[in-house]
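Under the numbering used here, think of the first position of the sequence shown as 1, with each following residue one higher.
Treat the hints as calculated values from the structure; they're not laboratory data.
Cβ atoms here follow ideal geometry from the backbone N, Cα and C, with glycine treated the same way.
Watch out, some of these pointers could steer you wrong.
[As the list claims (entries may be wrong)] Here are the computed lysine-lysine pairs in the DSSO-like style, where the Cα-Cα straight-line distance is at most 30 Å:
1. 70 / 89
2. 34 / 188
3. 82 / 50
4. 157 / 113
5. 123 / 165
6. 66 / 6
7. 123 / 6
8. 34 / 82
9. 50 / 66
10. 34 / 70
11. 165 / 81
12. 81 / 93
13. 93 / 157
14. 91 / 123
15. 11 / 161
16. 161 / 81
17. 165 / 34
18. 124 / 114
19. 81 / 34
20. 82 / 66
21. 70 / 82
22. 70 / 6
23. 11 / 114
24. 157 / 91
25. 124 / 157
26. 66 / 89
27. 89 / 119
28. 66 / 11
29. 70 / 91
30. 113 / 124
[Stated by the list, open to error] If you anchor each label on the Cβ, the simulated ranges turn out as follows:
31. 146 / 205: 43 to 53 Å
32. 146 / 104: 22 to 32 Å
33. 5 / 176: 16 to 26 Å
34. 133 / 19: 52 to 62 Å
35. 198 / 172: 19 to 29 Å
36. 133 / 62: 26 to 36 Å
37. 89 / 204: 18 to 28 Å
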Amino acid sequence: MIQDRKLSTLKDYFRSLPTHRVQMVVMDMWQPYKILAQQLFQNPIIIVDKFHYARHNFWALERVRKRVQKSFQDKDRKSMKKLRFLLHKPKEKLTTREQELLQYYLELSPDLKKAYQVKEVFKKWMTQSNERNVRLNLEQLYQAIDESGLDEYQYMKRTFKSWEKEIINSFIYPYTNGYLEGINNKMKVIKRMSYGIRNFQRLRNKVLCSLI
Numbered sequence: 001m002i003q004d005r006k007l008s009t010l011k012d013y014f015r016s017l018p019t020h021r022v023q024m025v026v027m028d029m030w031q032p033y034k035i036l037a038q039q040l041f042q043n044p045i046i047i048v049d050k051f052h053y054a055r056h057n058f059w060a061l062e063r064v065r066k067r068v069q070k071s072f073q074d075k076d077r078k079s080m081k082k083l084r085f086l087l088h089k090p091k092e093k094l095t096t097r098e099q100e101l102l103q104y105y106l107e108l109s110p111d112l113k114k115a116y117q118v119k120e121v122f123k124k125w126m127t128q129s130n131e132r133n134v135r136l137n138l139e140q141l142y143q144a145i146d147e148s149g150l151d152e153y154q155y156m157k158r159t160f161k162s163w164e165k166e167i168i169n170s171f172i173y174p175y176t177n178g179y180l181e182g183i184n185n186k187m188k189v190i191k192r193m194s195y196g197i198r199n200f201q202r203l204r205n206k207v208l209c210s211l212i
């Protein structure tokens with residue numbers, strides 16, 4: 001646990017470690033992390049944690065939903081209060097009534113229907129395990145985004161293109177940042193329970209003690 005994520009701080013920390021032993025690096029989609037890993041380690045395999053790119057699909061669908069709902073009259077918006085839940089619930093887990101309700105909402109807006117279709121293509125891609133199929137289904141996802149014509153998904157596509165190699169690596173190598181994300185959540189709880197700890201060393205000691 002270090003004080004901040006400034007590049008200078010990270011460089012000093014990693015240079016104090018035997019970096020020649022590092023073969024793989026799992027990270028979120030923050031460009032400076034990738035640049036730093038390439039500078040400090042010897043040809044590391046860089047993997048983007050799945051959580052960090054999967055949420056781009058969630059965000060894009062949410063932006064479409066909010067835009068569409070704003071275009072409806074007040075009475076229609078109130079009737080769509082379950083829409084967010086239905087859009088994100090796995091299709092195979094929807095009850096018959098929920099399927100009917102979702103279909104009704106999708107028919108109200110062509111853009112919403114297109115966004116949901118992109119979401120389903122994304123979901124199919126996420127289930128792939130063979131590298132060839134991963135690449136093939138990723139191209140199908142890009143195509144679905146282009147065909148949808150939805151601006152909300154363009155940022156997601158550009159981000160995926162920029163991190164494509166590292167994203168595909170997440171399907172090939174079974175590593176995630178799940179454990180560290182758990183520690184991060186624990187840190188937030190500790191800070192909240194302590195009404196905010198401004199002294200870094202005290203916070204560090206509390207976190208380390210909680211992990212023993």
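Here is what the structure says about each hint:
no.: 1; hint: 70 / 89; result: 22 Å, holds
no.: 2; hint: 34 / 188; result: 25 Å, holds
no.: 3; hint: 82 / 50; result: 27 Å, holds
no.: 4; hint: 157 / 113; result: 19 Å, holds
no.: 5; hint: 123 / 165; result: 19 Å, holds
no.: 6; hint: 66 / 6; result: 35 Å, violated
no.: 7; hint: 123 / 6; result: 35 Å, violated
no.: 8; hint: 34 / 82; result: 39 Å, violated
no.: 9; hint: 50 / 66; result: 25 Å, holds
no.: 10; hint: 34 / 70; result: 38 Å, violated
no.: 11; hint: 165 / 81; result: 39 Å, violated
no.: 12; hint: 81 / 93; result: 19 Å, holds
no.: 13; hint: 93 / 157; result: 28 Å, holds
no.: 14; hint: 91 / 123; result: 10 Å, holds
no.: 15; hint: 11 / 161; result: 27 Å, holds
no.: 16; hint: 161 / 81; result: 34 Å, violated
no.: 17; hint: 165 / 34; result: 12 Å, holds
no.: 18; hint: 124 / 114; result: 16 Å, holds
no.: 19; hint: 81 / 34; result: 40 Å, violated
no.: 20; hint: 82 / 66; result: 13 Å, holds
no.: 21; hint: 70 / 82; result: 15 Å, holds
no.: 22; hint: 70 / 6; result: 40 Å, violated
no.: 23; hint: 11 / 114; result: 44 Å, violated
no.: 24; hint: 157 / 91; result: 23 Å, holds
no.: 25; hint: 124 / 157; result: 16 Å, holds
no.: 26; hint: 66 / 89; result: 17 Å, holds
no.: 27; hint: 89 / 119; result: 11 Å, holds
no.: 28; hint: 66 / 11; result: 41 Å, violated
no.: 29; hint: 70 / 91; result: 25 Å, holds
no.: 30; hint: 113 / 124; result: 17 Å, holds
no.: 31; hint: 146 / 205: 43 to 53 Å; result: 51 Å, holds
no.: 32; hint: 146 / 104: 22 to 32 Å; result: 27 Å, holds
no.: 33; hint: 5 / 176: 16 to 26 Å; result: 19 Å, holds
no.: 34; hint: 133 / 19: 52 to 62 Å; result: 34 Å, violated
no.: 35; hint: 198 / 172: 19 to 29 Å; result: 42 Å, violated
no.: 36; hint: 133 / 62: 26 to 36 Å; result: 28 Å, holds
no.: 37; hint: 89 / 204: 18 to 28 Å; result: 40 Å, violated
When each numbered hint is compared with the structure, violations occur for hints 6, 7, 8, 10, 11, 16, 19, 22, 23, 28, 34, 35, 37.
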